Amino acid sequence: MGIFSRRQTATIEPTSAGGSGASGAYPSTGGGVALDSALRGLTGQWTIDRPHSRVGFSVRHAMVTTVRGAFADYDSTLHFDGDRPSASRAEIVIRVGSVDTGVEQRDAHLVGTDFFDARRFPEMVFRSTSTVHEGGETFRMTGDLTIRDVTRPVELQLDYLGSVVDPFGFERVGFDGTTTIDRTDWGLVYNQRLAAGGTMVSEKVRLQFDISAIRATS
Numbered sequence: 001m002g003i004f005s006r007r008q009t010a011t012i013e014p015t016s017a018g019g020s021g022a023s024g025a026y027p028s029t030g031g032g033v034a035l036d037s038a039l040r041g042l043t044g045q046w047t048i049d050r051p052h053s054r055v056g057f058s059v060r061h062a063m064v065t066t067v068r069g070a071f072a073d074y075d076s077t078l079h080f081d082g083d084r085p086s087a088s089r090a091e092i093v094i095r096v097g098s099v100d101t102g103v104e105q106r107d108a109h110l111v112g113t114d115f116f117d118a119r120r121f122p123e124m125v126f127r128s129t130s131t132v133h134e135g136g137e138t139f140r141m142t143g144d145l146t147i148r149d150v151t152r153p154v155e156l157q158l159d160y161l162g163s164v165v166d167p168f169g170f171e172r173v174g175f176d177g178t179t180t181i182d183r184t185d186w187g188l189v190y191n192q193r194l195a196a197g198g199t200m201v202s203e204k205v206r207l208q209f210d211i212s213a214i215r216a217t218s
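Here the sequence shown stands for residues 1 to 218, where the numbers follow the UniProt record's numbering.
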């Protein structure tokens with residue numbers, strides 16, 4: 001399968017849309033009526049196009065550089081309510097054994113007992129608990145993140161990137177999501193001290209979700 005071909009790997013199930021005057025309806029935004037209309041038009045069933053999406057992370061290494069990685073194997077269920085964004089929700093299940101930082105030795109360390117302990121805890125899970133439209137293209141999604149055997153709340157900023165009909169006739173929508181966590185809150189405490197001060201691996205980890213989704217056909 002070519003890199004630019006369409007492949008659908010996760011389903012976005014529809015939610016029932018509430019009326020425009022319902023609680024959680026869109027506030028007046030700088031994007032105006034056109035943007036609000038576009039967002040309302042997203043109601044329906046979608047699938048995530050994994051070859052054009054990325055679930056990744058970045059972390060400072062040795063205090064002087066940034067290591068980036070991504071997870072290749074994940075499933076996601078997203079519900080977008082175009083009239084009541086507060087009713088929208090998301091779930092993503094990530095197989096931590098699919099981590100890829102471009103260095104096999106480092107990947108093996110990450111899936112071992114010092115970090116993810118993938119044999120005992122093969123999945124990392126995010127389940128949303130609330131979604132707020134903050135205005136314009138920006139949403140705030142709060143949810144529970146489970147890593148290993150620890151579940152803690154996190155908050156994602158989601159940016160709507162737009163929707164388009166691609167040359168193959170498929171309607172696409174794009175979202176970017178980011179949050180920063182302290183990995184030690186989930187028991188990922190491994191580290192080494194540097195002689196000059198500081199640590200080998202930062203405790204702060206930035207999670208990044210670059211999502212391209214296709215409207216599902218009936």
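I should point out that these hints are in silico values taken from the structure, not numbers from a laboratory. Just to be clear, a hint being listed does not mean it is correct.
[To be verified] Simulated pairs of lysine to aspartate or glutamate, EDC-like, Cα-Cα distance not exceeding 20 Å: (1) K204 with D185; (2) K204 with D83; (3) K204 with D182; (4) K204 with D100; (5) K204 with E155; (6) K204 with D75; (7) K204 with D144.
Since the structure is predicted, the reported quantities are computational estimates derived from the model, not experimental observations.
Quiz item: Among all the numbered hints in the text so far, which are the ones the structure does not match?
Solution: 2, 6
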